[in-house]
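Take the given structure of chain F and dock chain E to it, following the hints.
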Amino acid sequence: MDLILITAQAAVDTAAATGETAGRAIGLGLGTGLAALGTGIGLGFIFGKTIEAVSRQPELRNDIQSIQWLGFALTEATVFYGFIAGLIAFFV
Amino acid sequence: MNLRSQPRLLLASLTALVGLLLLSPAVAFAAEETASNEPALNPSEEFALPSWVSIKIGGLDLSINKAVFYIVLATALTCIVMVYAARRMATRPSGRLQVVLEGAFGLMRDNITRGNMDPRMASKWFPFIATLFLFIWFSNMIGYIPMPTNTEHTFDVAGVEIPSFALYAATANISIPLVLALVVWIAYHVEGIRHHGFFGYIRSWVPSGVEGFMVGPILVIEALSHFVRLLSLSLRLFANILAGHLLILFMAGGLVVLLGMGAFGSVILGISTGTLAVVFFIFEIGLVATLQAFIFSTLTAIYLGGAVAEEH
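For the record, the sequence lines run as chains F and E. All letters in the first sequence, in the order written, are residues 1 to 92 by my numbering. All letters in the second sequence, in the order written, are residues 1 to 312 by my numbering.
No false leads were mixed into what you were given.
Here are a few chain F residues that face chain E, going by a calculated C-beta distance under 7 Å:
hint	residue
1	ALA77
2	PHE80
3	ILE84
The hints are simulated quantities; they were obtained by calculation from the structure and are not laboratory data. In this text, a Cβ means the ideal position worked out from N, Cα and C, and glycines have one as well.
Next up, chain F with everything else stripped away, as it sits in the complex (with noise of 0.2 Å):
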């Protein structure tokens, strides 16, 4: 089913029972959650690739693995994203 719809279900639901601050609550948990969900995966890939990459030609190791620190923080950051969005949703 649509999550979209779920959520503003649930906000509507939950609301209504209690008070304002519900629907924030289920904005900064999903923004997270859905946001840590797709870095997960994202650092799968970096690692995985780079372990492909290392073992396909080991004397590129010390290359290879600068890159990867680079992706990793650059995939590791989107996570935070979806975190500072949630936060704002929540206290603003």
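Here is chain E on its own, set in the frame of chain F:
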């Protein structure tokens, strides 16, 4: 006891000490809650910035607070350590400091600067990028030393009010990464305009091979991506450090206090999350602090190199 087992013993006792240090806020909070009817712990207070010395000029609030203290400390530490090391440089290194700094110098010069720029640009911009790297590194690292900076909560030691020990970093506040990112952003645009001329620089955003009516939309997308760079460069550093501090705060006792599950449940939860706190602490010190400084300066070098490059 034989000598070989001593380093391992030292490491174990150090780890235990760090763990005790991390657990101490939880004990303090728990004791505080039973002792008096103070308002419950609010974790966002750890990041509040009460002003210590109030300075107000017109509508501008220039008060000295925790963030100002940390940024001054990071700047002073960067200058003092580097000047001290530079004066004691020897052809035959005697101490460990010079060996470490030579390694860092090689990383900054060969990997970060020369790897992403042509040699003339690299020698011109190396001081800027190296300073950026060192400042962010020192700022991140002193953020993981607990210091008595939380003036909201105090405790008594022999009649003297001492502020609670807290973790904070200048880079865990959005304003400092944003200012650093703005400096980088303006610098690479100025460098690009100086090299290509204004219209030449705008034209260099469009990749070669794009012709005709597609130039307009591509130019809009490229202009947008330059603004996103400003956002991502500052947010990446800020959010990484903030999330690290939040994780340590919650694992080292914040979670136990917030959930309030009674004595037995709190001890069980505290032991498991306290162990995790040590793991996160080591992860943050060992990887994230250095990696974020490396990423920030590498991206600066890539942007500066890309602005003057002939082909997109």
